[in-house]
Amino acid sequence: MARRLSYSARFPFPAEVLYKAYSQKAYWDEKMTDFRNLTPLSELAEFEVTGEGVSVVQQQNLPHEYLPPIAQTVMKKDMIITRNEFYGAWDGEHSEGEYSASIPAGPGSLKGDADLFDTETGCTMRYTTYVKVFVPFIGHKLEQLILINLVDLFRAEAEYTKYWVDKSL
Numbered sequence: 001m002a003r004r005l006s007y008s009a010r011f012p013f014p015a016e017v018l019y020k021a022y023s024q025k026a027y028w029d030e031k032m033t034d035f036r037n038l039t040p041l042s043e044l045a046e047f048e049v050t051g052e053g054v055s056v057v058q059q060q061n062l063p064h065e066y067l068p069p070i071a072q073t074v075m076k077k078d079m080i081i082t083r084n085e086f087y088g089a090w091d092g093e094h095s096e097g098e099y100s101a102s103i104p105a106g107p108g109s110l111k112g113d114a115d116l117f118d119t120e121t122g123c124t125m126r127y128t129t130y131v132k133v134f135v136p137f138i139g140h141k142l143e144q145l146i147l148i149n150l151v152d153l154f155r156a157e158a159e160y161t162k163y164w165v166d167k168s169l
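For the record, in the sequence shown the residue sitting at position 104 is 104 according to UniProt numbering, with numbers rising by one throughout.
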């Protein structure tokens, strides 16, 4: 059975401002520059804005020696993570999206839904993630490890987004 995580990032500005940041290639380029401090071979592989929404593909290369010991037992090489994100068009009230992450020859799956909406004090981006690892005996431990690291990632990305919006306004 897949494990589920709900995480809400709250921002002190309207959702439309956040959506406009996500619609700018400069946001994603600068975010990837920041990622390179941790994963030097990270890149923005694709970026497209259409009437349907914003599509982004990011690739991150996590060196094998950076992986937790339990993950090193499953992944024998560097972990190359491809993240696909889509944020549906802003309709004046909210944007719904979806995301996934994949690892070549990876022993599991990660996918989720994103929902951006206004609140009384700004806006919220709510992520609902589903993780499943198909490795007997240690799969549940790897799922938990992924979810813990995902919370850290969502938190760091929210802090970066707030910083980027604040400096860009």
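In short, the hints are calculated from the structure, not lab data. A portion of the hints provided could be inaccurate.
What the hints assert, rightly or not - Calculated lysine-lysine pairs in the DSSO-like style (CA-CA distance at most 30 Å, straight line):
no., residue 1, residue 2
1, K162, K76
2, K31, K111
3, K141, K76
4, K31, K132
5, K77, K31
Said to hold, decoys possible - Label pairs and their calculated CB-CB ranges:
no., residue 1, residue 2, range
6, E52, F137, 11 to 21 Å
7, T82, Y160, 12 to 22 Å
8, T121, T73, 43 to 53 Å
9, T50, K141, 35 to 45 Å
10, Q144, L169, 35 to 45 Å
For every residue, glycine included, the Cβ atom is placed at its ideal position computed from N, Cα and C.
Structure-based check of each hint:
no.: 1; hint: K162 x K76; verdict: violated, 36 Å
no.: 2; hint: K31 x K111; verdict: holds, 21 Å
no.: 3; hint: K141 x K76; verdict: holds, 18 Å
no.: 4; hint: K31 x K132; verdict: holds, 27 Å
no.: 5; hint: K77 x K31; verdict: holds, 25 Å
no.: 6; hint: E52 x F137: 11 to 21 Å; verdict: violated, 42 Å
no.: 7; hint: T82 x Y160: 12 to 22 Å; verdict: holds, 20 Å
no.: 8; hint: T121 x T73: 43 to 53 Å; verdict: holds, 44 Å
no.: 9; hint: T50 x K141: 35 to 45 Å; verdict: holds, 40 Å
no.: 10; hint: Q144 x L169: 35 to 45 Å; verdict: holds, 38 Å
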